[in-house]
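**Student:** Chain residues, written in single-letter form:
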Amino acid sequence: MRQLFLQGLMVVGVLSSAGLVVAADASPKSDKEMKPYTQKIDHTEVTFDMVPIPGGEFLMGSPKTEAGRADDEGPQHKVKIEPFWMGKHEVTWEEFELWSLLMDAKLRKFQEIAPTPLDKRADAVTKPTPPYTDMSFGMGKDGGYPAICMTQHAAKKYCEWLSAKTGIYYRLPTEAEWEYACRAGTTTPYSFGDVSKIDDYAWHAGNSAVDGEKKYHPVGKKKPNPWGLFDMHGNVAEWVQDRYEPEFYAKFPADKTTVFPLCLADEEYPRVARGGSWMFEPDKARSATRLGSDPEWKEQDPQLPKSAWYMTDALFVGFRIVRPLQVPSDDERKNLRLDAVVPKDVKERVTLED
Amino acid sequence: MDHSTESSRRDFLKTSSVAALGTAAIANFGLNSSVYASGDDTIKVGLIGCGGRGTGAATQALSTNGNVKLTAVGDAFEDAARNVLNGIKGGLKDKADRVQVSPDKIFTGFDAYQKVIDSGVDLVLLATPPGFRPIHFEYAVKAGKNIFMEKPVAVDAPGVRQVLEANKIAKQKKLKVGVGLQRHHQAPYLEAIKRIHDGAIGEILAMRVYWNGGGVWDPRITRAQAKSEMEYQMRNWYYYNWLCGDHICEQHIHNLDVGNWVKNAYPVKANGMGGRQVRIDKKYGEIYDHHYVEFEYKDGSRMYSQCRHIPNTWNSVSEFVHGTKGSANPGGQVFPTGGEAYRFSGNSKDPYQVEHDDLAAAIRQGLEYNEADNGAYSSMTSILGRMCTYSGKEITWDTAINSNISLMPKNFSFDADPPVMPREDGSYPIAVPGLTKVV
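Going down the list, the sequences are from chains D and G.
In terms of the numbering used here, the first sequence opens at residue 1 and continues consecutively.
In terms of the numbering used here, the second sequence opens at residue 355 and continues consecutively.
Derived DSSO-like pairs: lysine-lysine, alpha-carbon spacing no greater than 30 Å straight-line: (1) G:LYS469 x G:LYS764; (2) D:LYS222 x D:LYS32; (3) D:LYS106 x G:LYS636; (4) D:LYS347 x G:LYS398; (5) G:LYS423 x D:LYS347.
Rather than coming from a laboratory, the hints here were simulated on the basis of the structure.
None of the values given here were measured: they were computed from a predicted structure.
Modelling step: build the complete structure from the supplied sequences, incorporating the hints.
**Tutor:** And the structure:
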């Protein structure tokens with residue numbers, strides 16, 4: 001894959017309108033060979049499922065006629081997506097805390113298991129300081145609940161740890177990859193059509209309450225989208241790679257197909273989270289809805305500088321992971337900020353290993 | 355026991371919650387110009403304790419309405435005192451010009467607090483590790499300063515008594531004193547507890563309060579990196595009782611304080627158990643990793659309290675109330691039996707900011723505002739809990755608050771020995787129930 005830098009902010013390759021592939025070296029192995037698989041995390045009982053997402057083209061954004069549409073969802077533009085696997089579910093607390101609470105290392109020590117070379121690599125990945133308070137805020141942890149209240153930086157650092165631990169490259173999806181996977185070939189407001197069927201597919205503000213209190217739910221309890229992905233609409237919003245720029249879509253040529261659009265992020269805010277949540281109304285869970293992060297998401301962090309790891313007030317944000325078929329080069333990972341890079345003006349406080 | 359009479363408690367709680375509701379409903383007594391050292395309406399703020407919470411508190415104090423500026427800072431450590439200004443400016447963003455600290459007003463060492471207080475400020479923020487709080491509070495009161503102090507306000511009974519004594523003078527001088535128990539300034543708590551006090555769930559039988567989490571920051575430096583044992587413990591203060599009071603005091607006080615607030619009273623006795631089961635490395639000093647305490651109030655009602663610092667266990671930071679006619683979560687929900695549930699649905703502003711807005715408004719308008727007695731009694735509640743878990747004994751409030759066991763060092767300098775010294779292998783003595791003397 002070849003990228004061109006535009007304005008130092010975004011990275012695109014461009015297909016001509018005649019369909020000639022400019023990026024000549026973009027020759028991934030056939031996505032026909034891609035199969036769903038279950039990733040086991042060594043020395044733990046934790047597994048997660050990955051679903052193959054075939055490469056293809058789609059129209060990103062929403063038409064002006066779509067109910068509930070916001071201006072940042074247009075103009076619609078054609079995007080070409082390379083094949084990848086995507087997490088069937090949002091990342092759960094069971095998965096996330098293997099990294100964030102050092103549970104992987106602790107469980108290994110408890111079971112008196114000697115670390116493998118992969119374990120040693122994973123142990124070397126930075127871990128956050130423990131959270132000041134219960135970051136599930138009483139909504140449930142054990143039993144497949146989605147991890148929440150992490151910064152995008154923490155989500156990316158988890159991916160770095162998971163890659164080290166499994167030996168397989170995982171990262172956050174780009175905003176375009178996320179919408180492509182969410183739409184799953186559909187062009188309607190939701191991957192299941194219009195809002196009338198939303199209760200079959202999504203947890204949102206109107207149906208998430210238990211005993212009168214709105215809350216998140218265990219992943220995978222509603223119907224999946226056409227490509228087998230659960231909770232793309234609702235439950236928790238999902239971090240993606242991109243910086244939030246409301247006019248980003250206007251930067252692409254209307255008559256050409258953009259390859260791998262990505263709005264590079266260096267500042268901490270705003271960054272994009274997709275898919276709506278248990279706290280938001282259904283129109284915020286549409287395939288095209290974009291949400292930019294804000295310093296208010298950690299307003300009640302009592303410390304200054306505020307934590308690099310936790311969003312104390314963002315009980316609606318989580319993430320899911322992808323695995324690109326074509327593993328990016330070290331240069332691509334660095335130049336595209338695909339892995340965790342400490343945002344400008346943010347200070348990491350970390351837990352040191354013994 | 356005049357320091358804990360029901361009437362003074364009630365008066366205090368009333369004052370506190372009125373102030374917390376803001377100034378709109380309260381008569382404006384006019385500008386009390388004598389509170390401003392500079393003679394105009396600028397509140398000059400001094401910060402004592404330049405860690406993460408001090409930086410946050412200063413930023414919030416400087417984000418209140420009206421003219422306010424930071425003119426002095428102090429910390430035992432020079433690096434902390436020097437680094438704090440940029441942190442505060444960063445937090446203030448477009449109001450960064452409210453930081454006006456000249457180089458000669460950056461004070462360091464164990465006596466930095468005196469220099470900040472004596473530097474001509476109107477309001478001091480006390481945000482060091484809590485062990486120092488009684489000393490700093492007393493000095494600030496004697497100097498006639500308005501005060502915001504973080505919780506807890508003491509780590510032992512002599513410290514609690516020192517705060518209560520000093521606060522008598524503060525009240526005579528009509529000093530404004532805020533304490534960082536910010537739930538008192540959080541709309542969902544104010545609304546729910548008002549309903550509980552109005553009888554929505556009948557008489558209170560029992561309360562459950564929790565701060566079960568994974569723990570806090572790891573020790574920041576190794577012994578090899580420290581120039582002395584005093585520096586080692588000060589840098590890693592959370593793990594030493596003379597500085598921190600154990601996490602039942604440092605964190606769980608928030609939930610215990612809510613229980614006291616709901617009851618409009620403080621416990622008369624308690625018993626408990628606790629220990630140190632997972633966080634056992636010697637670098638973790640002397641504190642426990644779990645405590646369970648049953649507090650009993652004068653009317654026989656109980657507060658069941660859990661606090662735990664063990665990762666990957668059941669986490670909860672919350673309070674629950676059970677009454678004769680229903681139950682409540684004082685964080686914003688009230689459930690009368692057979693009646694209509696109340697759930698807070700308004701706008702809840704950042705309570706860390708609101709507590710400073712309320713204090714600043716009281717200073718500017720000359721309103722009665724003093725949260726120190728409640729801060730001291732709720733600190734004492736948490737100390738009583740620690741006394742019970744460390745000893746395994748049932749202990750009365752009166753015995754506890756009159757204890758003469760002081761945890762504090764005799765001398766304050768980086769060359770002096772802290773009150774708890776390590777053994778040859780670097781480990782510290784840990785409290786043993788049945789053996790350890792706590793009162």
